[in-house]
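Peer 1: Under my numbering, the first residue of the sequence shown is numbered 359, with each subsequent residue one higher.
One or more hints might be untrue.
Dumping the calculated DSBU-like pairs for lysine-lysine here, alpha-carbon to alpha-carbon at most 30 Å [claimed, not checked]:
1. K548 with K426
2. K529 with K426
3. K548 with K529
4. K529 with K437
5. K426 with K437
I should point out that these hints are in silico values taken from the structure, not numbers from a laboratory.
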Amino acid sequence: MISTPTADQRVIGPARIEAVVIGVSAGAVEALSVILPGLPASYSLPVMVVVHLPPDRNSIIADLFRAKCQVKVREAEDKELLEAGTVYFAPPDYHLLVEHDRCLSLSSEEPVHYSRPAVDVLFESAADAYGPALVGVILTGANSDGANGLRAVCGAGGIGLVQRPDQAQAKMMPQSALDACPTAHALTLKEVAAYLLEVASPR
């Protein structure tokens, strides 16, 4: 039985959902293409995305999704204040973090799981900044980056969503996240997309 979050889970205790973080690696473009283009221009949440990228060349992923999406899409910049209805991609060779004042920061600290940017770094900082007002999403990927981060999100009272490993192009990342965070919900990409729309809807 697949565990699917209900509409009532968009409010956790006294907090509304205020942000979304997404981690993805192998198969990123295909997976994100099911989720991000469906977000309307009026989407009420900021979305931060870490894709494992080669450190030695510029990334075109923000440009690619800018052409596909109704929401604003950009590569994250240091000290940038988060805005609703905007997707922020971590730049190559920098970790992406969220500060308590809802600003982004970039770090050149050591790679995590051989990756910089690393999913764990974003998720752990966002969990600390947003607590229960956060949705964390782990998609397809070929290593275990993101498992500890999703556990941090759920441990802080946030909502964890994971692409079903049996439907992922690379199942290790989603399976590792589910193993580390049994309270997370295993969903299809279309179910993830639908939930991210629902969680931003006014009650």
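Peer 1: Would you check the hint for K426 and K437, treating anything up to 30 Å between C-alpha atoms as holding?
Peer 2: 26 Å, holds
Peer 1: Holds or violated: K548 with K529, Cα cutoff 30 Å?
Peer 2: 17 Å, holds
Peer 1: Hey, K548 versus K426, does the alpha-carbon distance stay inside 30 Å?
Peer 2: Given pair K548, K426 holds - Cα atoms ~17 Å apart, limit 30 Å.
Peer 1: Checking one constraint from the list: CA of K529 to CA of K426, max 30 Å. Satisfied?
Peer 2: At roughly 26 Å apart (the allowed maximum being 30 Å), K426 and K529 satisfy the hint.
Peer 1: Regarding the pair K529 and K437, is the alpha-carbon distance no greater than 30 Å?
Peer 2: 34 Å, violated
In the structure shown, a violation is registered for the earlier hint numbered 4 alone.
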